[in-house]
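Colleague: Top to bottom, those sequences are chains A and B.
The working numbering puts the first residue of the first sequence at 260, with every later residue one more than the last.
The working numbering puts the first residue of the second sequence at 225, with every later residue one more than the last.
Honestly, I wouldn't trust all of these hints.
Simulated coverage check for chain B against chain A, where a stretch passes if three residues somewhere in it have a Cβ under 8 angstroms from a Cβ of chain A [claimed, not checked]:
hint, segment
1, 411-421
2, 535-547
3, 599-606
Under 7 angstroms between C-beta atoms, here's a sample of chain B residues computed to sit facing chain A [unchecked claim]:
hint, residue
4, 491
5, 497
6, 573
7, 596
Hints listed in this document are in silico derivations from the structure and should not be mistaken for laboratory results.
All residues carry an ideal CB built from backbone N, CA and C; glycine is no exception.
Here is what each chain is made of, one letter per residue.
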Amino acid sequence: MELSRIRNFSIIAHIDHGKTTLSDRILEATHAVSDREMMAQFLDGMDLERERGITIKAHAVSLHYTAKDGHEYLFNLIDTPGHVDFNYEVSRALASCDGALLVVDASQGVEAQTLANAYLAVDEDLEIIPVINKIDLPSAQPEHVVHEIEEVIGLDASGAIFASAKERIGISEILEAIVERLPAPTGDRDAPLKAMIFDSWYDSYRGVVMLVRVIDGRISLKEKVRFMNQGSEHDVENLGIFTPKPLQVKTLEAGEVGFVILGIKDVHEVSIGDTLTHPGRPAAEAFPGFKQIKPMVFAGLYPVDASDYPDLRDALEKLRLNDSSFVFEPETSEALGFGFRCGFLGFLHMEIIQERLEREFNLDLISTAPNVRYQVLNKKGDVVDVENPSKLPPLMEIEEIREPYAAVTVLTRAEYVGNLLKLFEERRGTQTQFHYASKDTVLLKYDVPLNEIIVDFYDRLKTLSRGYASMDYQVEGYRAGDLVKLDILVNTKQVDALSFIVHRSQADPKGRAIATKMKEAIPRQLFEVVIQAALGAKIICRTVVKPLRKNVIAKCYGGDISRKRKLLEKQKEGKKRMKQVGEVQIPQEAFLSILRIQGDQD
Amino acid sequence: MKAWFDAAAVGLYVHVPFCASLCGYCDFFRVESPGGVPVGFEALLVEEAALFGETPPLQVDTVFFGGGTPSLLGPDRLGRLLAELGRVFEIRPSAEITLEANPETVNEASLAGWRQAGVTRLSIGVQSLTPGVLAALERRAPAATALAAVELAARSGFKHLSADVMSGVPGQGGGDLEDTVERLAELPLDHLSVYSLDLHPKTPLWEAVAAGNLTLPGDDEAADQFLAVHGILQQRGFEHYEVSNYARPGGRSRHNLRYWQGGQTVGLGPSAWSRFKGRLWGNPRSLDAWTRRVREGGTPPGDAERLTPEREREDRVIFGLRVSDGAGLQDLIDLFAVDQREADVVLKPLLAHGYAVVEDSRLKLTVQGFLMSNEVLTYLLPRSWPRARPEA
Chain A
260 MELSRIRNFS IIAHIDHGKT TLSDRILEAT HAVSDREMMA QFLDGMDLER ERGITIKAHA
320 VSLHYTAKDG HEYLFNLIDT PGHVDFNYEV SRALASCDGA LLVVDASQGV EAQTLANAYL
380 AVDEDLEIIP VINKIDLPSA QPEHVVHEIE EVIGLDASGA IFASAKERIG ISEILEAIVE
440 RLPAPTGDRD APLKAMIFDS WYDSYRGVVM LVRVIDGRIS LKEKVRFMNQ GSEHDVENLG
500 IFTPKPLQVK TLEAGEVGFV ILGIKDVHEV SIGDTLTHPG RPAAEAFPGF KQIKPMVFAG
560 LYPVDASDYP DLRDALEKLR LNDSSFVFEP ETSEALGFGF RCGFLGFLHM EIIQERLERE
620 FNLDLISTAP NVRYQVLNKK GDVVDVENPS KLPPLMEIEE IREPYAAVTV LTRAEYVGNL
680 LKLFEERRGT QTQFHYASKD TVLLKYDVPL NEIIVDFYDR LKTLSRGYAS MDYQVEGYRA
740 GDLVKLDILV NTKQVDALSF IVHRSQADPK GRAIATKMKE AIPRQLFEVV IQAALGAKII
800 CRTVVKPLRK NVIAKCYGGD ISRKRKLLEK QKEGKKRMKQ VGEVQIPQEA FLSILRIQGD
860 QD
Chain B
225 MKAWFDAAAV GLYVHVPFCA SLCGYCDFFR VESPGGVPVG FEALLVEEAA LFGETPPLQV
285 DTVFFGGGTP SLLGPDRLGR LLAELGRVFE IRPSAEITLE ANPETVNEAS LAGWRQAGVT
345 RLSIGVQSLT PGVLAALERR APAATALAAV ELAARSGFKH LSADVMSGVP GQGGGDLEDT
405 VERLAELPLD HLSVYSLDLH PKTPLWEAVA AGNLTLPGDD EAADQFLAVH GILQQRGFEH
465 YEVSNYARPG GRSRHNLRYW QGGQTVGLGP SAWSRFKGRL WGNPRSLDAW TRRVREGGTP
525 PGDAERLTPE REREDRVIFG LRVSDGAGLQ DLIDLFAVDQ READVVLKPL LAHGYAVVED
585 SRLKLTVQGF LMSNEVLTYL LPRSWPRARP EA
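Just need the whole structure built from these sequences, with the hints factored in.
Modeller: What follows is the structure in C-alpha cells.
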C-alpha cells in the first residue's frame with residue numbers, strides 16, 4: 260500500500276473507558292470479523308485479561324477501510340498493554356504509530372493512566388484525536404471532559420469526537436477522522452531496512468512471533484536479518500499481517516505493520532524495542548528509545564507440597580515462554596524448601612502471574628513478601644544487587660543500602676486529597692507536585708520508594724478515594740535509605756523466607772503487626788509456637804500460639820478402626836498443606852501475613 | 225509388656241442392633257424395635273458363625289455382645305445363642321464374656337439368667353447421673369435406675385462390672401460430670417468408660433448443635449473435664465489404661481484390648497468388624513444386606529482389606545498408643561525410617577512437652593498425650609502417610 264493510504268494508530272485509554280469496545284466497533288465497521296466472532300471481545304486474548312479488564316499482550320490488526328473520498332485505506336490498529344507495569348512496552352507500541360485516539364469516559368473524565376499514556380503519545384510526536392466515549396450514559400458530561408482534557412493534559416480538544424462505542428454513536432466520524440486528521444507514515448522504502456519490534460510472544464507451532472513497524476526499507480521472506488542491539492542474525496521464515504486472522508505476505512514495506520517469524524524458540528532472545536536490519540546493507544543507526552527492561556519486583560514462590568516442585572517448574576517455564584519480562588531461577592529456603600525466585604516488571608504483573616499459576620495450573624503456592632531490587636554498596640566500594648532480603652550481606656560489610664524510587668502520578672477528585680496525602684506520607688513519599696488540574700481534580704506527583712508501592716498500595720489508593728483516584732508510575736533511579744533487615748523467628752529459628760528489608764522508622768510497627776497477624780493465622784497445635792520479630796539480635800515483639808489441648812477420638816473399637824484411620828488421614832492431609840518449620844506447622848496464610856499488614860496500619 | 229489376650233485365640237464380637245427406642249447421640253448401627261429382638265435373628269448369627277467353622281474349632285477367649293441393646297435378648301435366648309456359638313467355636317471356660325446392658329433391662333431375674341448363660345462381665349450404660357444430661361442424650365432410664373442396676377448386679381455376683389459415662393455433653397457442667405464419676409467410683413465397679421461425646425453427622429444431637437439449639441463445651445473445657453475425671457479415678461484406685469477407659473487392677477476389658485493391640489477378632493451381625501487372618505472387613509450396615517451376605521456365604525468378602533506387615537505395624541502404633549502400654553520403640557523406629565527420621569529427634573519434643581514417656585522400650589502417652597493423641601499421631605506418622613503405604 261502506498262504510504263499516503265496507510266494509517267498506523269493506537270487507542271489509548273484508562274481501564275474501562277471503552278478501548279476494547281471501540282476496537283471491536285472499528286473491526287466490525289471494516290468487516291474484519293463476522294458478527295458471530297464479535298461475540299467475544301476480540302482483542303483480549305485471555306480470560307484473565309477479560310476478567311481484569313486489562314489487555315496484557317499488544318496486537319496489531321490490519322484493516323481495509325473505504326473512506327468517503329472513495330479511496331481505500333490500510334488501517335493498522337495497534338493495541339497497547341493497558342496497565343502501569345508495562346510503561347516501556349506501551350511506549351514502543353506508540354512509537355510504531357503515527358497517531359492515536361485518546362478515549363476518555365464521558366462520566367469518569369481524565370484519569371492518571373489517560374494522562375500518562377497521553378504524555379507517552381506526545382513524547383512520540385503522535386497526532387491525537389480525543390474521543391469522548393459513553394456519551395449515552397445519564398451521567399455523561401462530555402463538554403466538561405473536553406475542558407478537562409485541555410486543562411489537565413494540555414491538549415487542544417476542540418476537535419473531540421463525541422461517541423458511544425456501545426451504542427455505535429460517532430463511529431463513522433472516528434473512522435473519517437483517522438483518514439483526515441492522522442498523518443500517513445513517512446519512510447524511505449529504498450533506504451536500508453529498519454524495522455522496530457514492538458511486541459513478541461511465543462506460539463507453540465511457529466516459535467517466537469514478533470510484531471514490527473517497518474520504518475525504512477522493506478523486509479522480505481527468506482532474507483537474513485540482524486537484531487541491531489542484540490546482534491544475532493536469523494532468516495525470515497515467515498512474514499505477514501493479522502486481518503485479524505494471520506495472512507502471509509512476501510514483503511512488508513516502510514510504513515507497514517506486520518508480524519515476522521525468525522524461527523527463534525525463546526521469547527527472551529527478543530528484546531522489545533530492538534531494530535531489525537539487513538546485515539549486508541545495515542541501517543546507519545537503530546530506531547531510538549531502546550531499553551533493556553529488567554524485572555523490578557521479586558518474590559519467592561514455593562509449592563506448599565514439596566512434591567509439586569516439578570509441576571511448579573513446568574508451569575513457570577510455560578509462563579516464561581510467553582512473557583519476556585518474567586524471569587525466575589531456582590532458590591532454596593531453609594524454611595520453605597525448594598522453590599523459585601521470580602522477577603516481575605511490577606506488582607500487577609506479579610499478581611497476574613501468581614493468579615495464573617494457581618488458577619490455570621492448579622498449584623498451591625506460598626509466596627514470600629515481594630521486594631524490589633536493592634543495591635548494596637559494601638565497604639570495599641563494590642555495588643551488588645540484592646533481590647532476596649535473606650541474601651543481604653552481613654551488616655558490618657554494608658556501607659549503604661540503596662533502593663529504587665518511583666515517580667508516581669495520581670489524579671484524584673479533590674475531596675480525597677487529604678486521604679491520599681496521608682497514604683503517601685505513610686509510604687515515605689516526597690511530594691513533587693500538587694496542582695489543581697481543574698476545579699475538582701487534583702494532580703499529585705510524588706517520589707516514593709518503589710518497595711512502598713508494590714504491596715497493597717494500589718488497592719489502598721482505590722479504597723481511600725472510593726475508586727476516584729487513578730495512578731501511574733515510572734521507576735526512576737536509586738537513592739540511599741536508612742534500611743534494615745527485619746527477621747521473623749519461629750520457635751527461635753529464623754524463617755529466612757519471612758525476612759524483609761524495611762525503613763528503620765517502620766521496623767517496629769511492622770514487626771509488631773506481623774507477629775500479631777501470624778499468631779492469628781497459625782492454628783493451635785501439638786507444640787507451642789513462639790513468633791518473634793527481630794532486628795539483628797534485638798527482639799522487637801513476641802507472640803505465642805498456645806498448644807492445642809484436645810484432639811482425640813473418644814471411642815475406638817472394632818468398627819472404629821477404619822474410621823479412626825480415615826480421620827487421621829484427613830488430619831494428616833490438612834497438615835500437608837502447611838509448611839513444617841522445626842516441629843511446628845505454619846499455614847500458607849501465615850506467610851501472607853506480611854502482605855496483609857500494610858493495609859491494617861493505615 | 226503383659227499379654228492381655230492369647231494371640232492363638234480370637235475374640236468374638238456379636239452385634240445385636242435392636243433398641244427399644246433410639247438415642248440421639250448414637251451412631252452405631254441400630255434399629256428401633258419396640259417388640260424386642262426379632263425371632264430368627266440368632267439363627268442368622270449362628271449361620272454366619274458357621275462360615276468360620278474349622279477343625280479343630282477356633283479358640284475363643286473373649287466374647288462381647290454389643291449393640292444396639294443386646295440385653296434385649298433376655299437370658300434364655302442369650303444362653304441358647306452362646307451354646308450354639310459354642311458348637312462352632314471352642315469358647316474357653318476362662319473366656320471373658322461381656323454383655324452390654326441398659327439399666328432398665330437389669331433386674332434380679334435377668335442377672336441370674338445371664339450369669340447362668342455364662343456372661344462374666346456386664347457393661348452398663350449409665351451415661352450420666354444428672355437429669356438434664358440424660359435428657360439431652362434422650363436416655364430413658366433415670367439416674368436412680370442406673371445406680372440400682374449397678375448395685376443389684378454387684379450383689380448378684382458379677383465381679384466384672386463396667387459403667388459407661390459421657391463427658392462433653394451439651395448442658396453438662398464440669399461439676400455434673402465429676403459428681404457422676406465420683407458417685408460411680410464408690411460403687412463395686414471394676415471398670416469405667418468415660419467417653420467425651422463425639423458428634424456424629426446426621427444424628428439428631430448433631431443436628432441440634434448445628435442448628436444452634438444446643439452448645440457443646442469448648443475443647444479447653446472438655447480438656448479440663450478429661451483431666452478432672454483422670455484425677456478423681458486415679459485417686460480411687462483406677463488405672464487410666466486407655467484413652468477413655470479406666471480399670472481397677474484385674475478389671476481391664478480383654479476383648480477391647482484385642483482391638484487396640486492388633487489381636488484377631490471375628491465379628492458377627494450387621495456392621496460388625498473382623499480382623500482375621502490378615503484381613504480387615506466390616507459387615508454391611510443394613511439388616512437386609514447383612515442377611516444376603518450371610519446367605520451367600522464367603523468369608524472374608526472380596527472387598528476385605530489386606531493387612532500388610534507395614535499396615536499391621538502402623539496399626540500397632542496408631543491403636544497401641546491409645547493404651548497405657550503404648551507402642552514398641554522398634555515399630556516407631558521402622559515407621560520413622562520411611563522418611564529417614566531419627567527416633568531421638570522425633571521423640572525428644574514429645575517427651576520434653578510431657579506428651580509421652582519411654583519405658584521398657586515402649587513409647588507411652590501421658591494423660592496429656594491421650595488428650596492430644598490425634599495430633600501426636602499425625603506428628604509421628606511419616607509426612608507421606610498414607611500415600612506412601614506400599615500396596616498389597
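Colleague: Of the numbered hints stated earlier in the document, which are not met by this structure?
Modeller: Violated hints: none; all satisfied.
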